[in-house]
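Engineer: Can you build the whole structure from these sequences, using the hints too?
Each protein sequence line maps, in turn, to chains B and V. Numbered per numbering that gives the first Met the number 0, the first sequence spans residues 0 to 476. Numbered per numbering that gives the first Met the number 0, the second sequence spans residues 0 to 162.
Please keep in mind that the hints were generated in silico from the structure rather than gathered at the bench. Ideal placement from N, C-alpha and C gives every residue a C-beta, glycine not left out. Just so you know, not all the hints are guaranteed correct.
Stated by the list, open to error - If the Cβ cut is set under 7 Å, some of the chain B residues that face chain V in the computed set are:
#1 Trp-357
#2 Leu-360
#3 Ile-361
#4 His-364
#5 Ser-426
#6 Gln-431
#7 Trp-433
#8 Ala-437
#9 Asn-453
#10 Arg-457
#11 Thr-462
#12 Gln-467
#13 Gln-470
To be verified - Below, simulated BS3-like cross-link-like pairs (lysine-lysine); rule was C-alpha separation at most 27 Å, straight line:
#14 B:Lys-474 to V:Lys-149
#15 B:Lys-421 to V:Lys-143
#16 B:Lys-326 to B:Lys-338
To be verified - Partial chain V-side listing against chain B, Cβ under 10 Å, derived:
#17 Gly-4
#18 Tyr-76
#19 His-77
#20 Phe-87
#21 Arg-97
#22 Thr-130
#23 Ala-151
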Amino acid sequence: MTKHLHPLAIAVNLRDIVVQNFFWLILIGVNFRKLLQKGWFIPVCVGISGFFVGWAILKYWRFTFAIRNSALTIHYGIIVRHQEHIPFGRIQTVRENQPWYLRPLGLYQLEIETSGKSLNKAEAQLAVVSAVVVRELAQRRQSNVDSESQEITADTPVHSKTAEATYDIKNRDLNIFALTSQGIVPVILVLSWIVNKLQEWLPAAYWHKVERSFAGQSLLILAVLILGVLVIGLLVSYAQQLIKFFHFHAQRQGHQLLISQGLFSRHQTTTDLKRIQAICLSQTALRQIFHLVSVELLLAASQDSGQQKNVLAVPVIQRSAVWQQLKQLLQISVDLNFKLTQIVSQNRWYYLRNNFLWSLLIVIHMTGWRWPWGGLSVLVTIFAVLAGIYASRNTGYYIESQQRLYLQSARVFQRDLFIIDKRKIQSLVWQQSWWMQAKHNYHLIVNVRQNNGNHAIRLKYLTHQQAQQIQSWYKSI
Amino acid sequence: MQSIGPDQSQVLEQLPEQIKTTWRITALMNGFWLLLPLVGAILAWQFWRWPIWVVIIAGCLFIVLPAIQLSIVPYRYHFTGYLISNEFVTLQSGFFFRKQVTIPITRIQNVTLEQGPVLRWQKLQAVRIDTAATSHHIEGVSVKKADALKTAIVRYALEEQDD
Chain B
0 MTKHLHPLAI AVNLRDIVVQ NFFWLILIGV NFRKLLQKGW FIPVCVGISG FFVGWAILKY
60 WRFTFAIRNS ALTIHYGIIV RHQEHIPFGR IQTVRENQPW YLRPLGLYQL EIETSGKSLN
120 KAEAQLAVVS AVVVRELAQR RQSNVDSESQ EITADTPVHS KTAEATYDIK NRDLNIFALT
180 SQGIVPVILV LSWIVNKLQE WLPAAYWHKV ERSFAGQSLL ILAVLILGVL VIGLLVSYAQ
240 QLIKFFHFHA QRQGHQLLIS QGLFSRHQTT TDLKRIQAIC LSQTALRQIF HLVSVELLLA
300 ASQDSGQQKN VLAVPVIQRS AVWQQLKQLL QISVDLNFKL TQIVSQNRWY YLRNNFLWSL
360 LIVIHMTGWR WPWGGLSVLV TIFAVLAGIY ASRNTGYYIE SQQRLYLQSA RVFQRDLFII
420 DKRKIQSLVW QQSWWMQAKH NYHLIVNVRQ NNGNHAIRLK YLTHQQAQQI QSWYKSI
Chain V
0 MQSIGPDQSQ VLEQLPEQIK TTWRITALMN GFWLLLPLVG AILAWQFWRW PIWVVIIAGC
60 LFIVLPAIQL SIVPYRYHFT GYLISNEFVT LQSGFFFRKQ VTIPITRIQN VTLEQGPVLR
120 WQKLQAVRID TAATSHHIEG VSVKKADALK TAIVRYALEE QDD
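Structural biologist: This is how it looks when you write it as structure tokens:
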């Protein structure tokens, strides 16, 4: 049966229309400023508002959908009519979002994604639907039951099969996860920039007065400022992570993985295990100290650019428990005794050297800063060199079997261990610069699909022998 | 042609000689685009009293970049090639930064033949190979060869498609 969205979708349409046309509204406001001041303001506002409301209602009225036996059909478009036909078997991921303003009404936003590459967003977006629609869609996807034979009501369970494995985040783990998040770094950078600018903007007399009141102890002021920035950064980052991952729950039902999370807005993602392109065990240096790991999934699905790239299957777990969780939740058996083949010691130097050279670009810029902030350039160099040492020690690979490869790459004090099946590798690239040829070293890039694009996993400065080993593994059938 | 990848026993096929002409024309066309910042810098120096070193840098770029591109054409040709087998497509390119790509036939989604005016003049066709995540190019082969390549890749892909 063909249905309309919930009437609240008109408000959502209106919001989207206003956001899409905000630029034009500002342009009209600026260019016709004088006309608007001559008593035209209210009539123009009423006219534009009326037009937008009419547009939103028309959009709502022309958007219909039908959940049929084997597919979801959507009709939309005011002037040019579109018909979207999505067979349930082709659906890769379903995202059920429940923003805070829809929660009291028990309504949801649905995003349905297939593996199609033509769009940069979900193939189907149902702006506001009732829980009954969500349940009906979930049931049809699971069993493709005949819509005529079974009536689905608000009491029908969302997922008929029982969970075969579950994971719930513990409060203690969530706290450690939030406190060890590297989300603090951008917050600190922004705050440092503001403090540096404040020093420039504030009148010099005022700044000297502050310094005098601390009896010329500029180092004390610096220490207080740094501590203040650190504490505020930590609090902001902690709150961000807590809101995002509150009541995180993951469960597996047969081949379906369900993940739900969020404090104010609840988000639920449903995906088929067969659609996973790679599994990434991610560890920041801080979490490495606490032996904590995050499990992320690289999926093949189209997605809005605003959303996170990877799906987090387990936000935080002890490294010793992760293998068991992977087996239960993702049905992946991992070789527990694996040992990575690392970058040979004579090649580790290149990581350090490259980071040092890149840091010089920032250092040259920072030397122009006022004292004592310009002095931080020394710290930047030390940080870059240490990051280089960290990356060189945490890069490696392991060939588990004829079909599975482990690749570990490192970013700024973060290491990612990718578990990839050979048939999910889209292409394998070897790079060698002119000056690397003499040493017979290679850079490796393994391309894996991520959402609608590509994720390139890079391992730099492998020896010829290591490169040969990976290449012959890849080309063996 | 010898492989630059880890498996150096592999022998790749070289592109036709005419590809060198297309690269030389591309280098000259790049030089033409660099003429714009040079003219801009001269005008800014004349009318807004911009420093002379801006003109010198723009002038150097105008001469040096196309000159480098033109001079490395024989070397680039020596290192560019491809190999199509029952299971893999291997592509190789670059001189200063060499690259070898291995694409399993089963991962290929589609093959597209492309031909701009320069390639058409030289009776060549470029071949674009798309996977679900990446896109790769054979810069130019003869029209007959391009068609044969497309047919071969599609045939292998249909035979080997595993999911």
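Engineer: Each hint needs a verdict: does it hold in this structure or not?
Structural biologist: Verification of the supplied hints:
At a threshold of 7 Å, the smallest CB-CB gap from Trp-357 (chain B) to chain V is about 17 Å, leaving the interface hint violated. Evaluation of the Leu-360 (chain B) hint against chain V yields a violated restraint, the C-beta minimum of about 19 Å exceeding 7 Å. Checking Ile-361 (chain B) against chain V by beta carbon gives a least distance of about 23 Å; that is not within 7 Å, so the hint is violated. The interface hint given for His-364 (chain B) is broken, as the beta carbon of that residue sits about 20 Å from the closest beta carbon of chain V, more than 7 Å.
The interface hint given for Ser-426 (chain B) holds, since its Cβ lies 5 Å from the closest Cβ of chain V, which is under the 7 Å cut-off. Proximity of Gln-431 (chain B) to chain V holds as hinted, the smallest CB-CB distance being about 5 Å (cut-off 7 Å). About 5 Å separates the beta-carbon of Trp-433 (chain B) from the nearest beta-carbon of chain V, less than 7 Å, and the hint is met. A cut of 7 Å between beta carbons decides the hint on Ala-437 (chain B): the least distance to chain V is about 13 Å, and the hint is violated.
A distance limit of 7 Å between C-beta atoms decides the matter here; for Asn-453 (chain B) the minimum to chain V is near 4 Å, and the interface restraint holds. Below 7 Å, beta-carbon pairs count as interface contacts, and Arg-457 (chain B) has none with chain V, the closest being about 13 Å; its hint is therefore violated. Given the 7 Å rule on beta carbons, the hint for Thr-462 (chain B) is violated: about 10 Å separates it from the nearest Cβ of chain V. Because the smallest distance between the Cβ of Gln-467 (chain B) and any Cβ of chain V comes to about 4 Å, under 7 Å, the interface hint for this residue holds.
Interface hint at Gln-470 (chain B): satisfied, since its Cβ lies 4 Å from the closest Cβ of chain V, which is below the 7 Å cut-off. For the proposed pair Lys-474 (chain B) and Lys-149 (chain V), the alpha carbon gap of about 22 Å is at most 27 Å, so the pair holds. Distance hint between Lys-421 (chain B) and Lys-143 (chain V) is unfulfilled; the C-alpha atoms sit about 33 Å from each other, more than 27 Å. A hinted pair counts as satisfied when its Cα atoms are at most 27 Å apart, and Lys-326 (chain B) with Lys-338 (chain B) qualifies at roughly 19 Å.
Of the supplied interface hints, the one on Gly-4 (chain V) holds, with its beta-carbon coming within about 5 Å of a beta-carbon of chain B, less than 10 Å. The closest approach between the C-beta of Tyr-76 (chain V) and any C-beta of chain B is roughly 16 Å, which is over the 10 Å cut-off, so the hint fails. Contact between His-77 (chain V) and chain B, as hinted, is not supported at the beta carbon level, the nearest pair being about 13 Å apart and thus beyond 10 Å. Contact between Phe-87 (chain V) and chain B, as hinted, is supported at the beta carbon level, the nearest pair being about 7 Å apart and thus within 10 Å.
A hinted interface residue such as Arg-97 (chain V) counts as satisfied when its beta carbon comes closer than 10 Å to some beta carbon of chain B; here the least separation is about 5 Å, so the hint holds. Because the smallest distance between the Cβ of Thr-130 (chain V) and any Cβ of chain B comes to about 4 Å, under 10 Å, the interface hint for this residue holds. Annotation: interface hint on Ala-151 (chain V) violated; nearest CB of chain B at approximately 18 Å, more than 10 Å.
Hints 1, 2, 3, 4, 8, 10, 11, 15, 18, 19, 23, counting from the list given before, are not met by this structure.
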